[in-house]
Each structure stands twice: as C-alpha cells, then as structure tokens.
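A.B. asks: The lines below spell out each chain.
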Amino acid sequence: MAENVNPVVLPADVAILAAQNEANQAPSQKLPPGEWLKKNLFSTPGNSIVTIIVGAIAAAALFFAARWVIDSDFQIVRTNLRSFMIGQFPRDELWRPWASAYVLLAGIGLTSGALARSSYELSVSQELPAEKESILGLARRFWGIIAVMIFFVSFARTVLPFIGLAGAFALVIVAREVGWRLPASVRRSAAFIGASLVVISTLVLSGTSHLGGLVLGLIAFIWVLREVGRRDLPAGITGIAMRVAPALLAAIVVYVIQRAIPHEGFGWEDWGGLHITLFTTVVGITLGMPFGILLALGRRSDLPVLKTVSVLFIEFVRGVPLISLLLASGLLLPLFLPVDFDRPADLTLAIVVIMFFSAAYIAEIVRGGLQAVPKGQTEAAQASGMSAASVQRLIVLPQALRAVIPAMVGQFIALFKDTSLLSIIGILEFLRVSDTSNAQPEFVGKGLAGVTYLFVALGYWAFAYTLSKESRRLELKLGVGTR
Amino acid sequence: MSDNMTINADATQVGGNGNVMIDVTNMDKFFGDFQALTNINMKVGEQEVVVVIGPSGSGKSTLIRCINRLERHDRGSIIVDGVELSDDIKAIQNIRRETGMVFQSFNLFPHLTVLENITLAPRNVRNIPKAEAEATAMELLERVKIPDQAHKFPGQMSGGQQQRVAIARSLAMKPKVILFDEPTSALDPEMIKEVLDTMKDLANEGMTMICVTHEMGFAREVADRVVFMADGEIVEVGTPEHFFTNPQEDRTRLFLSQIL
Chain A
1 MAENVNPVVL PADVAILAAQ NEANQAPSQK LPPGEWLKKN LFSTPGNSIV TIIVGAIAAA
61 ALFFAARWVI DSDFQIVRTN LRSFMIGQFP RDELWRPWAS AYVLLAGIGL TSGALARSSY
121 ELSVSQELPA EKESILGLAR RFWGIIAVMI FFVSFARTVL PFIGLAGAFA LVIVAREVGW
181 RLPASVRRSA AFIGASLVVI STLVLSGTSH LGGLVLGLIA FIWVLREVGR RDLPAGITGI
241 AMRVAPALLA AIVVYVIQRA IPHEGFGWED WGGLHITLFT TVVGITLGMP FGILLALGRR
301 SDLPVLKTVS VLFIEFVRGV PLISLLLASG LLLPLFLPVD FDRPADLTLA IVVIMFFSAA
361 YIAEIVRGGL QAVPKGQTEA AQASGMSAAS VQRLIVLPQA LRAVIPAMVG QFIALFKDTS
421 LLSIIGILEF LRVSDTSNAQ PEFVGKGLAG VTYLFVALGY WAFAYTLSKE SRRLELKLGV
481 GTR
Chain B
1001 MSDNMTINAD ATQVGGNGNV MIDVTNMDKF FGDFQALTNI NMKVGEQEVV VVIGPSGSGK
1061 STLIRCINRL ERHDRGSIIV DGVELSDDIK AIQNIRRETG MVFQSFNLFP HLTVLENITL
1121 APRNVRNIPK AEAEATAMEL LERVKIPDQA HKFPGQMSGG QQQRVAIARS LAMKPKVILF
1181 DEPTSALDPE MIKEVLDTMK DLANEGMTMI CVTHEMGFAR EVADRVVFMA DGEIVEVGTP
1241 EHFFTNPQED RTRLFLSQIL
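These protein sequences, in sequence, are chains A and B.
Just so we're aligned: the first sequence equals residues 1 to 483 in this note's numbering.
Just so we're aligned: the second sequence equals residues 1001 to 1260 in this note's numbering.
Hints should not be assumed to be uniformly reliable.
Across the chosen pairs, the derived CB separations fall in these ranges [what the hints assert, rightly or not]:
1) Met1138/B <-> Ala139/A: 40 to 48 Å
2) Phe316/A <-> Gly1206/B: 56 to 64 Å
3) Asp1087/B <-> Gly319/A: 54 to 62 Å
Anything over 10 Å on all C-beta distances counts as not near chain B; from chain A, calculated [as the list claims (entries may be wrong)]:
4) Tyr102
5) Leu248
6) Leu303
7) Leu331
8) Leu394
9) Gln440
10) Tyr453
Hints in this document: simulated from the structure, not taken from any laboratory.
From the three backbone atoms N, C-alpha and C, an ideal C-beta is built for every residue, glycine too.
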C-alpha cells in the first residue's frame, strides 16, 4: 500500500534532493595505482588480453592523431579565426561582439549567482548540508568550454583576445559573486534581470529595432505572466495596473537603451560563425519552450479543435526532416505574409522554423512529464475549488517540467548540433565557415578541410559535452533514474 | 427499518443539528456499462459524522467522490448546502470550495512546502492575503500538532504527518463538510492513531464529516450514523450500537464477521 502513496517520486526541490543524494552515496574507496590496475585491468587472463588489445589500438590511434595534428598547418585557422567566431560581422565594429558577450556573461553570472544563493538558502532552511560552490568547482564543471575557448584564442595573432577572454572569465566570477550577495527581494527578479541583459546584449550586437522589439515583447510577456501569478497584489484596477506597470517600464527602459546605441545600418544578416550557432540554438529553444508547453497542453485538452490542431502540428513537424522545413521556409513562409511585406531575412525564417521544430519535440517531452504527474495531484487541487487553469499552472506543470529537465537538455543538445543545417540555406554559421575558408585563394585545393573540421568539431564538442555533463548533474540532483 | 428489504436502505434521516448539508436522491453512477452506484438516497445533517463502510468495490469511494464532482453522477440529484451539482462549472467550484477532501494517498503537492500546500487554495481560490493565509495555516498546524514541520516538504515527513497536513490543508478553506476517503488505509499501523485522533478532535468540534473507512473502532466511537454499502447499494443504515450489536441484514453480518 505504501508504494501507492507517490507513484512517481517528484523532487521536493533540487537542493534538498541534492543534499539527500549526496548523503546516500557511499564514499568511494581509493586504491593505490598498482592495486587499481591489478583489480580493474588485469584481474583475469581474459581481462588482461582485452586490456592489452584495446590499449594497443588506443595507443596507435592516439599516435596517428597526434602525428597528423603536428604535421598539419593551422595557418587557415589563424587567418580565419574571426570568421569562425563571428562570421562576416563588420571588422570595424568589433567592439560590438565583445561588448555584447560581456553583457551576456554578466547576465549569466548574475542570474546563476542569485539562483545558487536561493538554492543555498533553501537548503539551510531545511537544515540540510549546503555549501557555496568554489571557483575551482565551477572551473571543473565548465572545463570543456574553458579549455576549448583558450585553445581557440591561442590562434589569435594579437594579444587583445587573450586579455578579452581573461576579462570574460573574471567578469563571470565577479557577476556571480554580486548575484550571490543581492538582497532576497532583488534575487526574486534574477531571471528577469538576466533576461534583460540578454536583450541588451542582442541589441548592442544588432542595432536593429525589429529584433529588439520581438525579444523585448517576449520578456515583457514573461514578466506579466509572473506578475499575474502573484497573489499579494490587490485585485481590481489597482492590481492590474501594478501588474502591467513593470512590463511597461521594462519596455520603456529597453527602448531608451536601444535608441542610445549607435545604429550603423547593419542587421543580423551580418551575423555568423559560432555566435550565430549559439544564438539560434538559444533563441530557438527559449521561444520554442512556451509554444511547446502550450502544444502539449493542447494535445491533452478536452476541446476537439485544440486537440486536433495540436496533434496535426506536432505529428507533421516531427514527421519531416528539419532540412526540408528549412528549405521550404524560404519558399512557403513568404506566401503567408502580406504582399507588400518585405521578405524576411533568411536568418529570421530559419529561427522561426527552428522554433516550430523544437516546439514540436518539446511538446512531446512535456506530454511525457504531464502524464507522469499522478492523477491524485489534479484531484486534490480540483477538490479545493481551484480552476482548471490554476490546477495546470500551479500543480501539474511545475511537477511535469521538473521531471523532464534531463530530456529537455537532450533536446537542447540535439538542436545545437542541428543548427549546422543552416549552412544549407546559405547562412554563414560555424560549420560553413570551414567551407568558405577552404575556398579562399590561398587555401583552396590544399586539403585543409580536415584541419578546419577538427577545429569546428572541437567547438561543438565543448558546448555539447558541457551541456550533457550539466544535465547529468541535474539528473543526479533530482534523483531521476535512481531509486 | 430494514426487515424485508427489496429496495435500498434509506439513509435520509437527518442527524446532526437537523439542517440538511448534503442531500443525495435516487442517484445512479455508471462506469461505461458497469453500474457502480444504484439508487443512492442519503442525507447528511450539519455537524453530523457519517461513516461509510463496506467491502472493496462496493462504491463507497465513488459515492463521496460524486459529492464533490470528482466523479460525475449519471442520474438523480446531489445537493450540497443548497446548491445542486450540475455541469455548471461555477456551481461545481462553489461546492468544492465548501467541501474539503482527504485522500487515501494524501495527495500533498510534493513541489511545495507544508505551509505552501496549506495556503495555496485559500490564496488562489479565496484571494486571502499571504500573511493572513500563513497565520491561519500555522494555527491549523498547531491544531494537528505539527507546527514545527511548516517549512518541510511532504517527502521529508512520515505518512501520518503527511495525512495530518492534508487534513490541515482541507481545513484551511474553512469547509462546511469534509469528505474522508479511506484516510488511514495507506498508513503504517503506528501512524493510524495520530490521524484518527485528529479526526476525532474535528468531529468533537462539530465538523460535518463523511468518512469512508475500515476503522471499526473509529466508527463505533465517533460516528453518529453508520452506512453499510455493498455492490453499489446502501444495504443498511443505523447507529453504531445498532450496527455492531444487532445488524439486520445477512450481508452486513457477513461483512462484520469477516473483519471483526
């Protein structure tokens, strides 16, 4: 009977489960190297043979790889380093990518520091062991990205990128520290502060108003949703005003900032390289997420129209390859727009497609999470008189989303790699820079594709590996997969 | 009352202070082709404690789940505190607001603390300010004797504690009646008493209650009326003394002989 109580063990909170899981883990035993070898690699004759064969193959592979790397000429990477990072972005506007990256990193540091502090406070209030993560701990978590970034910068021909990178690391650490020390009332808005900095970062880079308006609208929307959820505000007109005012204020502030940034008449057609790869991934998944959640709810809806539309959309998008959607976007999407409407940039279309694509996959992931929430949860909430919308928003969705975080990160990684398909519709993303570099007069026909592909692969690997490691860490914290 | 019974026993004699709180008339309920409840007639008076007993699958839980519309009844009428249950969602929500429910599997919200579990519905449904809702919640936690657990999550508590939180959660809405759906069936034996004691306190304070339970000791001690159900029908109704000393129906006698 007791097992009936919680058919799906849903985490009370990340911090708590983390602490509980750590307490449950047995301390690992350290053996001296000699004994470790004996125990793990040469315990039986069969094991010894396997060890020797696999060891030999690995050593040979490593040897040939090392010789190939040493023999190769990396001049092509040195020449094109900037292109790999930012594509064809105007070279006399280089302050923009740097400033943009700095604002972004400040946002990430601030938000993560504030979130870490909140989680820490929660653990303390629960009388569970809690510890502030050291800089060394952070470095260990993100060593893949850090190492590859240092490797990339080592191809630079001036000292400036080194200083820039060191400054970036320092900035993240300082911002994280500031976020950690923010007063609790400000910490509550950490996500909003972080998101605002992301918008500012984007605006610095683009200078275009359309994009700024789009992202700004989204942020304001999220803010309004959050404020609507607050119960300590009065009802009626005053309450509504108090809920809408912050969004309006945010809109005005960002608008003013945007006007203040000099606009040089270039748009995001000039973006490219690793930057556009990361940008499309993040925008695709953040815009796709709310849409995907709505689709998942729509698919479970009792209203036949909503349900059918959701199912059709999800199954259609999941049933065709991303590449076909990308190719079709250039032809099909403009057909749905007014005739006098300027044809959107390829990148705009691509982002819309990627958003729809990830929404369909996220919808199915979220649906799994929704189904995992026990029926008793809905019943208990309904029995207290809550409206259907409140039940979903306050009871079902929070539990469902928490249960699918690992799957969601998996989708994020998949999308990150899928953005390489943008090269096929002519967008100069990270992978395509490799091809354009090899087409340059001084490098054409020299068989250097291997070198550039290796370089690009390292870039993809750094982010995908770190994401997957972080996802596993989350999984462990949440206790998903254990028990 | 129940000599040669060809129709269902009538549970429409109102107890409590005489005011009718729940009025179920000629109610039928089907799950597909299966008839789960047949011609249920039952009235519950204000401040009355009605205990529903019967074998598994007799429709006890379905009956009380119909009263707050977690299940939709197919025929007959259910009137709670003067409001008739229909497909009108407003009426349903009004009734649910006044009707607390405690489940066998507690159904606390695992992602919220104890305090948040208790204050959620008052704040969301009744728009009570946070501070006031929390003050009420702390009083209720005192009442169920676990005020020190307010900031824990349900997963960190014992089953008995969780069920007492669930009772506090239903009380937070200041309901006129509370439905208990086998509240002690998922508990380890040593925790049953603490939950039953809480329920006894509630009954003594004059709360209107319908309890589906297998705890005969509780029924004997606390119930104003005992309703025995089998195969989706109300078979016999009476005071605890009548029930446990002088049951009239064969099925009642058989059931009691099996469990006592």
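A.B. asks: Against each hint, give a clear statement of whether it holds in the structure.
C.D. replies: Structure-based check of all given hints:
1. Met1138/B <-> Ala139/A: 40 to 48 Å: holds, 44 Å
2. Phe316/A <-> Gly1206/B: 56 to 64 Å: holds, 60 Å
3. Asp1087/B <-> Gly319/A: 54 to 62 Å: violated, 37 Å
4. Tyr102: holds, 36 Å
5. Leu248: Answer for Leu248/A: holds, closest chain B Cβ roughly 24 Å.
6. Leu303: Correct as stated: the minimum Cβ-Cβ distance to chain B is 14 Å, above 10 Å.
7. Leu331: holds, 45 Å
8. Leu394: violated, 7 Å
9. Gln440: Non-interface label on Gln440/A holds, nearest chain B Cβ at 55 Å vs cutoff 10 Å.
10. Tyr453: holds, 45 Å
This entry does not satisfy hints 3, 8, going by the numbered hints stated previously.
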